[in-house]
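Line order of the protein sequences matches chains A and B.
Quick note: the first sequence, position 15, residue 15 per UniProt numbering, numbers continuous.
Quick note: the second sequence, position 91, residue 91 per UniProt numbering, numbers continuous.
The set of hints was computed from the structure by calculation and includes no laboratory data.
Treat each hint with caution, since some may be false.
One copy or two, either will do: identical chains are not told apart, so a pair holds if it fits within one copy or between any two.
[What the hints assert, rightly or not] Here are the computed lysine to any residue pairs in the SDA-like style, where the Cα-Cα straight-line distance is at most 25 Å:
(1) LYS228 <-> TYR130
(2) LYS46 <-> ASN248
(3) LYS136 <-> LEU263
(4) LYS255 <-> GLY240
(5) LYS255 <-> LEU52
(6) LYS2 <-> ILE58
(7) LYS46 <-> GLY254
(8) LYS255 <-> TRP131
(9) LYS255 <-> ALA273
(10) LYS228 <-> ASP194
(11) LYS2 <-> ASN88
(12) LYS222 <-> TRP250
(13) LYS46 <-> LYS255
(14) LYS245 <-> ARG256
(15) LYS281 <-> GLY183
(16) LYS46 <-> ALA273
(17) LYS245 <-> PHE224
(18) LYS228 <-> ALA273
(19) LYS255 <-> PRO57
(20) LYS255 <-> GLU48
(21) LYS255 <-> LEU275
These are the residues of each chain, in order.
There are 2 protein chains.
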Amino acid sequence: MKAVSIKQPGSAEELVIEDREKPVAREGELLVKVAASAINRTDILKRESNQLQPPYPILGVEMAGVVEENNSGNPGFAPGTRVASLVNNGSYAEYVTIPVERAIVLPDEFSFEEGTAIPEVFLTAYQTLYWLGELKEGETVLIHAGGSGVGTAAIQLAKVLTKATVITTAGSQEKLDFCKSLGADAAINYKTEDFSERVEEVTQGRGVDLILDFVGASYWEKNFRSIKVDGRWIVIGTLGGAVIKEMNLWELMGKRITLKGTLLTARSDEYKAELTADFVKDALPHFKNKKIHPIIDRVFPFEEVQEAHRYMESNKNIGKIILSLDK
Amino acid sequence: MKAVSIKQPGSAEELVIEDREKPVAREGELLVKVAASAINRTDILKRESNQLQPPYPILGVEMAGVVEENNSGNPGFAPGTRVASLVNNGSYAEYVTIPVERAIVLPDEFSFEEGTAIPEVFLTAYQTLYWLGELKEGETVLIHAGGSGVGTAAIQLAKVLTKATVITTAGSQEKLDFCKSLGADAAINYKTEDFSERVEEVTQGRGVDLILDFVGASYWEKNFRSIKVDGRWIVIGTLGGAVIKEMNLWELMGKRITLKGTLLTARSDEYKAELTADFVKDALPHFKNKKIHPIIDRVFPFEEVQEAHRYMESNKNIGKIILSLDK
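Bound-form chain A, shown alone (with noise of 0.2 Å):
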């Protein structure tokens, strides 16, 4: 099968679609034929990555296909069923393997380009809000990076599943002018104003509940004056560096902060089959609905993974960037 996977680490230059073996469904799992993949940041670290050793891995952490065949025994995905899923194993290919608990069934409103942009974005905003974040109905919630792709699923479900007050940041109107057109309650030109002003203004002085923080060192002081006392700080990303210069324990403690770092990726199998089951369950209905849309920027043929990756790096794009095998 074709399979994206890099000559050696370092640019987009070394990806190189090539001949890999299909992958065989064990014992829980389905064997999908993926329609369309997406592009995440993590898979650009990856493919930069030095600790990475020959023989290189398939790139990618989600896609969206149709069951091939099932070894799980659960009525529900037999051959022909539509599904979306995060993949461990490299999903820029033609096919995957998953463990059955962790596939979506495709609502049939949804594209396939649709619904690869539901698993890595949709499971991190639901994550970090409500597993890590614990948003209460009503709260208010700071969420950097508006325009990204866990941004905008973000801002959907903060509004859609809990009526919270959404502040947002980004960096250019257009992406401010979207954050707005899905809900959001301000928002914030980070390049322009000091976003802890304009946060104390939109609550009154009193901060925020909950911060989801992609962002790092570049925004540590302000985030600390955003936040309320016995404020949620969930740091997710480093887009603005990862060292910080100085930190006050007392401001810490007197806040009656808490700071919880994580990653999605390095989770377990069954803590990403969980967190899905509750993803469907509280989440799923409101896609239906179209009260919540997966949101989608560009989608590249599989051929064009080179310039996916170009354009993701060029920082442009709002919401997801997609890898199709159909076209």
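Based on these hints, arrange chain B on the given structure of chain A.
For chain B alone, coordinates are given in the frame of chain A:
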């Protein structure tokens, strides 16, 4: 009534016994004649605080004594009832008023000295281990400053309530031996050993589920090395400095650590009432059956409050330093 305040912010020399007005129990409150109070590190911080303006406050945050007037309507606290409690407005005094929800009825077996040794350290340890740290049956907890008031309380609670594996640090053989006698499974001398290496050994490389951190900056890196993936780390003191010079967020994310800052004294009356109720239900029975003991190091008469403060500052105590109004 007699009460201890300060002449001006500064050393123990500034402590002074003055005449103050006897407080009046408002609705929902008890008036208590104090028999014993206890010295806490927060009293020393307050004594030194340049933020204070005259009239200077009465020091002290906990006491044990006898109800003199019950203005709460709760028949469980009739005049003559022996109680112990956290106090908001100073406890180094002949009388205090307290919200009735916060009063712990003192078991008959307990002296007033033992009674005042309970509220601050046991409520802090209970809150940190269970409300914040979510310690579960059979987990492993690292308790720093094992010989301190909160340390000795936490070791006992963790062993008796949750059969946890307890690893503790202290700075003298006497303190280490005492921690062991309270049930600690491992006691590490932080002056002669790298505690993170011993933790690795004791946990067979797995690390601890929970850290109770009274130390802060000077242990920061070693705590990061000692904690398990998905571990919880509660910062409740900064004996080793408050300013972290550098923190890499990937360490937080890679180990998916939950870091919480807390201070008990600033909590709301409602919070303290709920915490007290939980503690009375879960832990007090074990005091009655002698499985858990309030730990008293030394009792000073009320008039020797300066001596008592200097003794705490010398850092030699194991367990509580008490101020007695009976002697």
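A quick look at each hint next to the structure:
1. LYS228 <-> TYR130: So LYS228 and TYR130 pass the 25 Å test inside a copy (18 Å) and across (23 Å) alike.
2. LYS46 <-> ASN248: Answer is between; shortest inter-copy Cα gap is 20 Å, intra-copy 33 Å.
3. LYS136 <-> LEU263: both (22 Å within a copy, 24 Å between copies)
4. LYS255 <-> GLY240: Both: 24 Å inside a copy, 20 Å across copies.
5. LYS255 <-> LEU52: Cα proximity of LYS255 and LEU52: across copies only (21 Å, versus 42 Å in one copy).
6. LYS2 <-> ILE58: Intra 10 Å, inter 77 Å, cutoff 25 Å: intra-copy only.
7. LYS46 <-> GLY254: between (39 Å within a copy, 15 Å between copies)
8. LYS255 <-> TRP131: For LYS255 and TRP131, the Cα distance is within 25 Å both inside one copy (22 Å) and across copies (17 Å).
9. LYS255 <-> ALA273: Between copies only: 20 Å across, 35 Å inside.
10. LYS228 <-> ASP194: Cα proximity of LYS228 and ASP194: one copy only (17 Å, versus 37 Å across).
11. LYS2 <-> ASN88: within (17 Å within a copy, 70 Å between copies)
12. LYS222 <-> TRP250: both (16 Å within a copy, 20 Å between copies)
13. LYS46 <-> LYS255: between (37 Å within a copy, 19 Å between copies)
14. LYS245 <-> ARG256: both (21 Å within a copy, 20 Å between copies)
15. LYS281 <-> GLY183: within (22 Å within a copy, 45 Å between copies)
16. LYS46 <-> ALA273: within (23 Å within a copy, 51 Å between copies)
17. LYS245 <-> PHE224: both (14 Å within a copy, 17 Å between copies)
18. LYS228 <-> ALA273: between (33 Å within a copy, 22 Å between copies)
19. LYS255 <-> PRO57: between (44 Å within a copy, 24 Å between copies)
20. LYS255 <-> GLU48: between (39 Å within a copy, 22 Å between copies)
21. LYS255 <-> LEU275: between (30 Å within a copy, 19 Å between copies)
The structure shown violates none of the earlier numbered hints.
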